[in-house]
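Here the protein sequences line up with chains A and B, keeping their order. In terms of this note's numbering, the first sequence opens at residue 1 and continues consecutively. In terms of this note's numbering, the second sequence opens at residue 1 and continues consecutively.
There may be inaccurate statements among the hints.
[As the list claims (entries may be wrong)] With a straight-line Cα cutoff of 27 Å, these simulated DSSO-like cross-link-like pairs (lysine-lysine) come out:
1) Lys39(A) x Lys63(A)
2) Lys39(A) x Lys232(A)
3) Lys232(A) x Lys63(A)
4) Lys100(B) x Lys187(B)
5) Lys232(A) x Lys143(B)
6) Lys143(B) x Lys39(A)
No wet-lab data here; the hints were simulated from the structure. On a predicted model such as this, the values are computed, not experimentally measured, just so you know.
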Amino acid sequence: MSRGVHPGPSRTTRIVIVSVIGILFLVPIASMIEFTLRKGLGGGYDFSRWAAVFTSGATGEYKAVFTGAGNSLLLAVVTVAVMLVLLVPTMVLVRIRFPGLQRVLEFVCLLPITIPAIVLVVGLAPVYSVVARMFGSGVWTLAFAYGVIVLPYTYRAIQANLAAVDVVTLSEAARSLGAGWFTILVRVVVPNIRRGLLAASFISVAVVLGEYTIAALLNRVNLQTALVVVSKADPFVAVIFALLALLFAFLLLVAIGRIGSAPKSSTSSRSSKRASSTTLSRPLAPASPLAPAASDQKAR
Amino acid sequence: MTSIARPRGTSPMRALLSGSVLGLVPFTAYIILFLALPTVIALATGLVDGQGHFTLSNLTALGNPVVLSTFGNSLWLSALTAVIGALIGALFCYALLGAKPTGALRFVVDAASGVLAQFGGVMLAFAFVATIGIQGMVTVFLKNNLGIDIFANGVWLYDTPGLILPYIYFQVPLMIITFSPALESLKPQWAEANAMLGGGVLGYWRHIGLPVLLPSFLGCLLLLFANAFSSFATAAALTSQGQQIVPLQIRGALTSETVLGQENLAGALALGMIVVMVVVMTLYSLLMRRTARWVR
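Extracted from the complex, chain B is given alone in its bound form:
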């Protein structure tokens, strides 16, 4: 810092500040190139025709019965697995309440949850083919020992219902990761105050525990929904041809240009997905803001 010959009015701080603005340039450029630009292109292709002129006609594809039913599939699959995943995950978090935070159990659960929630994808498809595939361990066991044929009405594993179990399998760990901090934020003092005032365990959960946890539970539920809605790898590995959910339909639109005879269908579908995601994530951040009041 050679500040001796600095002109009047420019503190060394100011000079450093203006210089350090340059330091923000590389990251900003990177974000523009690889996050902002792709997003804008993805959304924009939904709004231009083959010649690059602005048009809303691609969006009519979103009203196509096939596309509508795909969105319907995606929405109910995400909602169902989010609710089941959230309930099972919350139950598991509750069970972990008394466990030592530095104990071996927590350690294994945290690591395993991370693997299954963030790493799974393709592997989960394999796991479920090995489990409830036509020659899967559970399928064969049920058939040979209990006489139950889970595929009596046809093989559903490679269709939308087949995605339910694998999705729950990664939703529960995500719930454990995101919800357990909220449960841990329940202060022992509240339980003490409750006990001091003569409240029982049921009263504690009814008047303190559940009301405090509700916003963060709903927030986690939305996050799970978003997670399932945007998930692609498991479904792609499980079903190589079908287009039962929106991400698979985008793949179809990208790999062959003429699905439903629509140009730029992928862009229109991407636009539809983003709308759903933005709504869900906005609600999520609103709920999280409410949660932050208690989680300190």
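One chain only, chain A, in its complex shape:
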């Protein structure tokens, strides 16, 4: 309707700007691909380096990278677990019981943007010497630190979803039916914010797989530190793995985009409301009109 009035760019301008910037940004990626296809000093191109990576297997000469990638995947899983177990219940609790703490929680969760990882690592070194005594020096313990650096991303993703759901009413309805706190959280709230949780998990995975600073300075091996080490000896292989990792992260974020954009489609508010009421209606609907009266009676 307003397309004609809106002073946005003309079609030609748009195509020119997007393609010029787009092409400039593709040059380094193309260079990486070209780099990995080089045959050697003689010139010419082939796929031998790619073939070598895929045929060597996880125990071959690129073992270090596979170990690092394995560690990073483990870290991603543990970080997501830390987020789900520590952050999510707290966010829901603050939303339902302590709305006054909302600003504090937001401030704390966005704080890691202000504290560079390189600063955090100065203080993490002594903390981790204690952690190592308690939990051992396994690489997975890094997930505690990663849980902190992904906070701004996960908080935003979950909060966006949480704000769109009437959690207070849902939880009161559930409580009046006799649900305990754990049931409210797991069976009522979590199903309603699953999109936010999924998006938060994916962004955590992407951030953890890309993390270098903390692992490098605490002398742990993850995908990124392994890539740096390998790049010193065999830059071609490092670039191949970097391309694969970039592709993986790209697909992960495409998935986030799909999760995020699905409810934004034409019937945005209606469909999301419908979604929340269906998840609510299945277990609760028959009794819900009676709920307030029932709880009153009980209290008296």
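Here the structure of chain A is known, so what remains is to put chain B in place on it, guided by the hints.
Then chain B, alone, in the frame of chain A:
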């Protein structure tokens, strides 16, 4: 909820409330252990000497010419790449104005921006070695086809100027991520009102578009600055020895105890970084508060 035998004056609500305070404990403990404590330790080590006594002498390191020039490098590198990144990113956001919000273009741009802005780090260093390294694709192409040797005056890729292009490469996507919501908040009604009153496209941008977008543009600029200032991985992967920017100097101070003959130099540098970051992020949140007036 067994509320029958509840003592007088304690509503079930109150009881649940006091119980649910306990629910805040795990997260609070976690934050104290892994966010507050490390930050405090990092800052405190800048303020104690080798024996653990309070001292301000470490902070004199911040006045050391080498440290000052490193901070200078970090500041101009961050400022330059933030400005260039913000301008290119804003231009790209403008180009996306007419694009369908659910279209394939947006989809790819969003995902690609996310990857390059948040995931890059080490990979960007590799990408630029492959592009403008000594044997990089662009370097070789320019040399063989146009006779231009980009390294005629020495190899600058592994020095501070070499960080400019990789930094811009992750600044632009971050700008696209953070600035496009602001552009999308420009209401069509404003354009309609402008057109109705006889305003042209130029008038729209001069009197409506730019004034509304300015606070959020400046906010994004600050965020980009903070992003470049705190970035470590790209520089670390590109330059294995040097200490041209502050994060690299912190690494040097952490891995060898006696840079510049100073104890606890890492803590002092961390303190300096935090001061810069707090100033920048405070300005950012002030600007964002102003932006929130329009972005609703």
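If you check each hint against the structure, which ones fail?
-> Violated hints: none at all, because every hint is consistent with the structure.
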